[in-house]
Structure formats: structure tokens, C-alpha cells
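J.: Each chain, letter by letter, is given below.
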Amino acid sequence: MTATLTNQPTIALLGQPNSGKSTLFNGLTGARQRVGNWPGKTVEKKEGHYDRNGLRYRVVDLPGSYSLSANSEEEIITRDYIASGQADVVCILADSSQLSRSLFMLADYAGMECPAILLLNLMDIAESQGKSVDAEKLEKKLGIPIVPFVAADRKKYDVFYAAVERALDEKKLVNADSLLENFHTIENGVFEKLLELLPNEGLESYSAHWLAIKLIEGDIAILEKIKSTLSEDNYRQIQSILSSIKNGALHTGGCKFKWVDELLSDTFVKKQERPLLSKFDRLATHRRFGKPLAILIILLGLVASFIPAAPIMFAGGLIPKLGEPIANALSAISAPQMLTDFINHVILNTLYFAVAMIGFVFGVNLVFGFLEEIGYMARVSYVFDGTMAKLGLQGKAVMPLVVSFGCTIGGAAGTRVIDSWAQRVLTIALAWVVPCAATWAIVPVLSSLFFGAWAPLIIVAIFLVAGIHMMITAKVFGSKLIRDEDRAGLIMELPPYHKPRWKALFRSIFVRTWDILSRALKVILIVSTVFWLLTYSASGSPDKTLLYRFGRAIEPATIIFGFTWQTFLAYLASMLSKEAALGVLGTLYLGAGTLFSATVGSGGEMAAGLSSVLLTSLTPPTALAFIFAVTFNAPCLMAITSTYQETRSLKWTLRILGYYFATSLILAFLAYHIASLIF
Amino acid sequence: MIELSKIKAGQKVVVSEVKGDNRFLSRITSIGLTIGCEIKMLYNEKKLPLLFYGRDTVVALNRKESENVLVEVIA
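As you go down the protein sequences, you meet chains A and B in turn.
Taken in order, the first sequence gives residues 121 to 799; the numbers are from my numbering.
Taken in order, the second sequence gives residues 3 to 77; the numbers are from my numbering.
To be clear, the hints were calculated from the coordinates, so they are not data collected in a lab.
A quick note: this is a predicted structure, and the numbers were derived from the prediction, not measured.
Hints may be right or wrong, so weigh each one.
Derived DSSO-like pairs: lysine-lysine, alpha-carbon spacing no greater than 30 Å straight-line [stated by the list, open to error]:
#1 K8/B x K260/A
#2 K411/A x K261/A
#3 K399/A x K66/B
#4 K21/B x K399/A
#5 K42/B x K441/A
#6 K42/B x K345/A
#7 K510/A x K21/B
#8 K411/A x K48/B
#9 K642/A x K165/A
#10 K66/B x K251/A
#11 K390/A x K49/B
#12 K510/A x K8/B
#13 K66/B x K257/A
#14 K42/B x K595/A
#15 K42/B x K366/A
#16 K42/B x K378/A
#17 K600/A x K10/B
#18 K251/A x K510/A
#19 K441/A x K48/B
#20 K48/B x K595/A
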């Protein structure tokens with residue numbers, strides 16, 4: 121146990137979704153936490169610490185999982201971590217308001233040879249439902265510290281600290297004697313037979329009985345793991361026993377729940393039955409009203425996101441105004457012009473981009489984190505399950521897709537409420553298709569300029585193409601991301617509605633936002649610097665820049681897709697910011713301003729005089745190609761950053777980016793050539 | 003025995019058989035549905051997943067999967 125040697129005890133938090141695990145993690149560690157990936161995985165790893173009585177306690181937030189089976193990467197990471205012995209104590213969280221189901225995790229844990237404590241979390245909600253638990257009696261049965269708990273209430277954490285210290289001191293394992301008795305009743309005595317063949321001491325922190333149960337459940341990963349410890353004969357015998365077992369998980373699950381029922385039979389009291397579905401829930405899950413209600417609430421949520429976001433975004437908007445005073449100060453000390461330009465353009469704009477992005481991400485996380493926290497998102501998932509399943513998504517995905525009509529950054533950030541990584545990546549890949557608000561600042565202007573009264577038809581065409589695009593993209597990414605066996609239909613609990621825990625919610629969102637900000641700054645800084653160098657010229661005129669030369673050089677190629685070199689550069693710039701499409705056209709056609717400031721500083725307005733120049737320089741087919749290319753291009757640099765943040769994978773972010781680059785070119789090609797036949 | 007998807011809202015049933023691969027069985031047991039467990043149907047409308055109550059929990063289950071859950075009506 122390396123952790124004990126360094127004198128920093130490690131506590132691992134284990135719990136099903138909705139058990140309040142993140143609340144406890146944030147409550148314990150506050151800002152003293154690091155977010156990274158589990159080695160070689162795309163699963164987020166959160167680690168932090170707290171200090172108490174001169175001792176530092178490391179806290180590891182294990183990925184959310186329903187059990188310790190091998191049904192998902194999260195579950196495998198979780199159990200491998202516990203088995204590795206890196207944790208000194210595992211803190212198992214159960215939802216006291218749904219105790220008889222929630223203790224399944226404890227039953228699945230029993231047999232792991234690592235000291236544990238059991239937190240009966242959400243005790244306040246259980247009590248309000250007239251439920252009570254005799255923790256002392258339960259503790260006698262289980263042998264490990266049992267703590268009735270409210271993770272959202274930091275003032276009452278002393279009981280937790282005390283239990284951890286006791287567990288570290290006494291190192292007691294979950295008493296599973298009566299659970300084992302249950303396992304012995306599984307038909308044909310397979311449990312006993314397997315125990316005889318398995319090494320007595322188990323493997324790592326897995327006890328022999330835990331291994332036997334997983335084998336009965338058909339857990340292939342465990343079979344592979346123990347293969348090397350077995351003689352060939354024993355291995356063959358085990359295989360023949362396993363081939364005789366049908367529906368193993370059902371038998372062991374029955375035993376585990378029987379054990380839970382026995383545990384609770386004289387320790388748990390439920391006074392009154394509450395109504396199972398509240399009036400609001402009848403509406404929220406209604407076959408006709410459920411969906412419109414969900415869309416309405418999401419739209420209201422989108423609007424509400426701007427309330428906390430607006431002041432932050434406003435403050436961000438002030439940053440570029442620092443440019444002049446800084447320039448003056450620098451020229452006073454006669455600093456080189458290039459340095460002044462760099463600070464003015466790259467540094468200030470990076471800050472401006474990052475702050476504006478973070479304002480919106482903060483708002484979206486707060487509002488939709490709130491809807492998730494009180495339990496409403498599960499209802500959205502329920503009513504939209506069938507619709508979203510057609511795209512291979514789970515019901516909750518409707519939220520990021522709707523939010524993306526406002527802003528793709530928010531859409532990507534909103535996928536946080538989706539618990540599976542693959543589902544999250546697929547949802548983001550589809551959210552990029554949805555035309556965001558900035559698109560509507562550009563497309564109608566260009567459409568009416570070139571197509572007059574026919575402009576609405578272009579808008580309709582965009583929606584049609586978006587629909588087809590989504591179906592194709594869902595197939596392309598779905599086939600890579602989600603294995604067929606993972607396409608199981610919805611199995612989900614609808615958690616009871618909670619009152620929001622504002623403090624805990626704000627705490628977790630502040631920590632998250634800070635994490636995103638620091639990453640976003642890096643990405644935006646690098647990309648801005650590269651783009652700045654490409655668009656830099658000492659005189660500031662566009663025709664001396666690398667980007668300009670590049671654009672001119674490849675015009676023979678871009679014209680195949682229907683681009684002039686000007687529209688192609690504007691299209692490239694629209695990947696950084698959609699509004700840049702018009703700004704860059706203005707710079708290139710009118711020669712006004714620098715390419716860089718046209719890209720990052722443009723509000724999406726048409727420069728004076730641009731429309732007449734565009735009408736004489738572009739044909740309707742090239743205009744149409746440009747409209748489609750910009751609409752279906754990567755949304756903006758901040759959406760790309762946000763995608764990287766939520767997928768936690770550079771590979772997948774680049775894949776999505778490359779896919780959109782390619783498909784938007786194809787769409788431009790099609791639009792150009794089809795339009796050429798008409799006009 | 004009758005498929006869970008055919009149970010009307012308000013009926014109480016006991017689960018008597020669950021079919022499916024290991025993955026499905028392990029997932030459905032982790033949410034509390036095992037043989038012999040008592041559940042009450044809350045909502046069963048076309049095109050929407052089923053909603054039922056068992057082990058202190060309101061559970062939503064896809065219609066297709068619910069055809070693999072066989073039950074006996076008790077009330």
C-alpha cells in the first residue's frame with residue numbers, strides 16, 4: 121500500500137449515479153482538486169485532498185457506475201482501482217431515500233478486501249419521506265462504520281472525518297457471512313465448486329468469493345484476469361462449470377438483494393407511503409405534454425443561462441479596450457511594434473474569447489446542472505428516449521441539441537449531464553450540425569443579398585440539409601463510438617425531486633469553470649498565436665500575409681468547391697469565429713483593417729459598401745457554396761475547445777473537426793455545382 | 003406469465019423470469035429488478051418507456067427490453 125507509506129491516507133468514493141458522490145467530493149476538497157484522465161482512458165479522473173489534524177487525506181472520486189461489473193469502462197476502472205490496493209479506505213455512498221435499491225453497490229462490493237465505510241447519504245430527504253434507519257444496529261451487522269449523512273451540508277462533515285479515521289484505524293472489511301450463505305443456495309452448488317478451484321487468497325484485493333460471483337455472472341474480464349493464476353486443469357474445470365450456468369447475474373442479483381432485505385428488515389422503517397408520481401411528474405412524463413414541456417423548459421433554461429453569463433461576458437468585452445492604453449504605454453518605453461501587436465491582438469483577444477466563453481459555459485452549467493440536480497433531466501430523458509434513440513442517442517441529448525440553436529459552446533458544455541462518454545461524444549458531434557445563433561446573423565443577410573425574395577427557400581434548404589446531415593453523422597460516428605451490444609434501451613431510475621443545494625451546486629460549478637478556463641486559455645492562446653502569425657504583416661495590409669499568399673496559391677483548387685480565394689479565407693476564418701465570415705470578406709474585398717482583427721473582433725455586421733462589392737465579385741453559385749460551407753463548418757474555436765473539454769480526447773476532437781471540415785467542403789461543392797445548373 | 007409491457011398502470015406484479023444477455027441482466031439487477039421482486043406499474047403509454055415502481059425506486063424501462071421481463075399479476 122503505497123499510499124500509507126507516504127503517510128497520506130487515500131479515500132476512494134464509490135457510488136451509483138445520483139448518490140451524491142460529486143457533492144461529497146467537492147465538499148471535501150473544495151478548490152484543492154485536480155481533474156485529469158484515468159491513464160490511457162477518456163474517463164475523467166478527479167483527485168483532491170483535505171487536511172485534518174496535521175494529516176493530509178487524498179480523495180479519489182471513482183467514476184460513476186451502477187455496479188462493479190464490466191459493463192462499461194467506468195466500472196472496470198473503478199474495480200481495478202480498488203483491487204490495486206491504492207485506496208486505504210473505500211467510502212460507499214447509498215441514497216437513503218431509495219435504500220433498498222441503493223445498497224446494491226454495497227452488496228456488489230462485499231468481498232473486496234479493502235476497508236470501507238458506508239455513507240447513508242441524502243438522509244434529510246429520506247427523513248422527509250418518513251423513513252428512518254437504525255445505523256447502530258446496521259453497523260453491528262455489517263462490521264464497518266455506518267454514517268447517516270447529508271453530503272450537501274458541509275457543517276456536519278465531522279461524522280464523516282471520524283468514520284474515516286476509525287476505518288483507517290480498525291481496517292474492517294464488510295461482513296459478508298450471511299451474503300455468502302445466500303450464494304451457497306445458487307443452483308447446483310456452483311458457488312462452492314468454483315471456490316474450490318479458485319486460489320484461496322483470491323487475487324489482488326478481490327477475495328475468492330467475489331471472483332466466484334463475478335464468474336457466475338459471466339464476467340469475461342475476470343476470467344481473463346485469473347487465468348494466469350490457475351492450473352490448466354482447474355481453468356478447464358471452471359470453464360465447464362461456467363458453461364452450465366444460465367442467467368448467472370439474475371441468481372447472484374437475487375442473492376444480493378435478499379441480503380439487502382435481510383439487512384434492512386429490522387433496521388429500516390418507512391412510516392407512510394408517498395404518492396409515487398407527483399402532479400408535476402404526471403405532466404412531465406405525459407405522452408402528449410411531456411415533450412413540449414421539456415422543450416419549453418430547455419428554452420427557458422437557455423435564456424436563463426444568459427443571466428449569470430451576461431455580466432461575465434460584458435466584463436470580457438471590456439478586455440480589448442485595454443489595447444489602446446497598453447499600446448500607448450508600450451510606445452512610451454519604445455517597445456518593438458510587433459510586441460505591441462502581439463499583446464493587443466493575441467493576448468487580449470485570447471482573454472476576451474476565453475472569458476466570453478467561460479461566461480456562457482458557466483451559465484449553461486449552472487442552469488442545466490440545477491435541472492439535473494433537482495431531478496428534472498431524468499424526466500427529459502424519459503420523454504425523449506424514443507425520439508433520440510433514432511439517432512442512437514439517449515433522451516437527455518435533446519437538451520444539448522436545443523441549446524446549440526443558441527450556441528454550440530453551450531451545447532457541448534451541456535452534454536455533461538449525459539453519463540456515458542460515448543453518448544457524450546456522439547451528442548457533441550451531432551450538436552455541431554445545429555445552426556447556432558451566429559449562423560443566423562450571416563445566412564439571412566447573404567441569402568437576401570444574392571437571392572432576394574428566394575432567400576427563405578435557402579433557409580428551408582439549410583434545415584433540410586441539417587436534418588439529413590444529422591442522420592448521416594449519427595451513422596458515421598455512432599458506428600465507431602457505440603458498439604452494438606451497448607445500444608441497450610433505456611434502463612434508468614427517475615430520482616425523486618430534490619430541493620436544490622445551492623451552495624454545493626455553486627461550489628462544484630466554480631471548480632469546474634476554473635478548470636475549463638485554464639484549459640481554454642491554453643488552446644485559444646496557441647491557436648490565436650498561429651493564426652496571428654499567418655495573418656501578420658508589418659504594414660498590416662492583408663496582401664503581405666502568409667494566409668493571403670496561401671489563399672492565392674490554392675485558388676485553382678478551391679474554385680472546384682465553388683470558392684474564390686477571398687471566400688475560402690473567410691470560410692477558414694469562420695472556423696475560429698462564425699461572425700468572422702463577413703468581417704474577413706470585408707477586409708479582403710475592401711482592403712479595410714487587418715485580417716486578424718476582422719476574424720476575432722467582428723460582430724458579424726456587413727461592412728459599409730461590402731454588399732455592392734460582393735454582388736459584383738461573386739456569382740450566385742459561389743455565394744451559395746459559401747453560405748453552405750460556413751453554416752456547416754466547425755462552429756467556432758470556443759466550441760472546439762469546449763468539445764475537447766467534454767470529450768477529454770484530442771483524438772476525437774480532431775476527428776470531429778476534420779469531419780466537419782470535409783463535409784462542409786462537400787456541401788459547398790454540391791451547392792455550387794447544383795446552383796450552377798440553375799443560374 | 004405475461005410480458006411486463008402488457009401490464010396496465012396501477013397493476014401490481016411479481017417478476018417471474020427475465021431473459022437477455024449477461025449485460026442486460028447485470029444492468030437490470032443493479033437497478034433492483036430481480037426474480038420474485040414486487041413492482042407496481044405507474045405508466046404504460048404507447049411510444050414511451052414503461053414507468054414502474056420497485057425497491058423504493060421509480061424505474062423507466064425501454065418497451066423492447068420490457069418484453070424480456072415476464073411477470074405474474076398479483077393485484
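J.: Hints first: check each against the structure and report whether it holds.
T.: So, going through the hints one by one against the coordinates:
no. : hint            : result
1   : K8/B x K260/A   : 44 Å, violated
2   : K411/A x K261/A : 46 Å, violated
3   : K399/A x K66/B  : 27 Å, holds
4   : K21/B x K399/A  : 34 Å, violated
5   : K42/B x K441/A  : 63 Å, violated
6   : K42/B x K345/A  : 40 Å, violated
7   : K510/A x K21/B  : 24 Å, holds
8   : K411/A x K48/B  : 14 Å, holds
9   : K642/A x K165/A : 20 Å, holds
10  : K66/B x K251/A  : 34 Å, violated
11  : K390/A x K49/B  : 34 Å, violated
12  : K510/A x K8/B   : 23 Å, holds
13  : K66/B x K257/A  : 42 Å, violated
14  : K42/B x K595/A  : 37 Å, violated
15  : K42/B x K366/A  : 27 Å, holds
16  : K42/B x K378/A  : 19 Å, holds
17  : K600/A x K10/B  : 39 Å, violated
18  : K251/A x K510/A : 40 Å, violated
19  : K441/A x K48/B  : 58 Å, violated
20  : K48/B x K595/A  : 26 Å, holds
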